[in-house]
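K.L.:
Now for the letters of each chain:
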Amino acid sequence: MAFGKPDLGSIVPKGTEFDPALVNKMMGKFGHGGFLDMEYVGHGADWVELAIDWREDLVADPDTGILASAVIISLMDNATSMSIWTKLGEFRPQVTMDLRIDYLRPSPSGERVYGRGICYHLTNSIGFVRGFAHNGNPDAPLAHASGTFIRIGDRIS
Amino acid sequence: MTDTPSALPPYAQALDMTIVDEINGVPVIGMPFTDRVQGRPGYLHGGAISGLLEIAAIAAVHRALQAKGSHSAIKQVNVTVDFMRGGLSQMTYAVGEVTRLGRTMANVEARAWQDDRDKPIAMGYMHYLIKAKREDAA
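Going down the list, the protein sequences come from chains A and B. Residues 1 to 157, numbered by the numbering used here, are exactly what the first sequence covers, in order. Residues 1 to 138, numbered by the numbering used here, are exactly what the second sequence covers, in order.
Computed spacing ranges between beta-carbons, pair by pair:
(1) A:Phe-128 <-> B:Ser-89: 25 to 31 Å
(2) A:Ile-152 <-> B:Thr-34: 20 to 26 Å
(3) A:Arg-55 <-> B:Lys-75: 20 to 26 Å
Some but not every residue of chain B turned toward chain A, in silico, with C-beta under 7 Å:
(4) Pro-10
(5) Ala-14
(6) Asp-35
(7) His-45
(8) Gly-46
(9) Gly-47
(10) Gly-51
(11) Glu-54
(12) Gln-76
(13) Val-79
(14) Thr-80
(15) Asp-82
(16) Phe-83
Calculated directly from the structure, the hints in this document are not laboratory data. Note that CB positions come from ideal geometry on N, CA and C, so glycine has one too.
With the rest of the complex left out, here is chain A:
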C-alpha cells in the first residue's frame, strides 16, 4: 500500500508565506484528509474554513444519516491547525494536544459541513484555537470546538 502524502516541511520551505489553499491540496487530498475529501473554502488573517460533503460511508447512525462525530473532529482538527500557520504566516511542525467539540445539533443527512478554525492566541510553543462547524450559515453553528496544538521542534516526524 502506498502512503504517498508529501512531507509538508519540504513543500512549504521556511520563510514562504503560508497559503492554506495550497496546503489543503496536500492535507485535504491525501491520507485521512483525502478519505474525507476536505475542500478549502476560504481564510482570513487568523482563520481557515474547510468543508466536507455528506457521504453515506461517513455516517455513524444509518437510521438517521447523522455523520460520525469524528468527521467533525477531523474537519475542526485540520481547520484549526491550518489557522495557526495562517496567523503565523508560515508552516511550523505541530501536533494536536487536545480538542473539545460541543455538538449543538446534528448535521442533517445530505448536508455539506463547513468547519472554521480560528487561532486566537499564539506562543512560541502553543497555538490556542477555537472554531465552529455549520451547514452554510455561520450564524447557525452545529458544533463548537476549542483546543491546543504544541510545536514539536524542527522535525515533522
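Mind docking chain B on chain A? Use the hints.
P.N.:
Leaving out everything else, chain B in the frame of chain A:
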C-alpha cells in the same frame, strides 16, 4: 447472544474497524493502519484516532444500557480528546468505559493504544444524552 446489531456503522467499516476482543464484556475495537487513517506521513490522523475512540465509546454505552435491559437511543453532547502519543503505522485498539450511567446521561472514557494498553496514544471523554425509550425496539 445479544440483540445488539453486530455490524459496526458505515463510518467504522470504511476505516476497516472490527470488534477484535472483549474486556470485561465490553467490545475492543481494532483499526489497522491504512492510507485512509494517515495524517502526517507515517502517523495516524488525530481525527481517525478520535473516530476509533468514538466507536469504542458508543459500543460501551450500548453494552451498559443493554445490561440494564434498556433499548434507549443515545445522542452525543460533547467530547474532549487528549492526544498523548503519536499513533504509529500499526494496529490500534480502543475500548470504552462507562464511568456513570444515569437516566438522562452517560459519562464515558475511551482509551486508544497500540502495543501497550498502559501507554495510551489518546483518551476520549464523552457525554451522551440518553433519549426516551424507543417503542419499536424489539
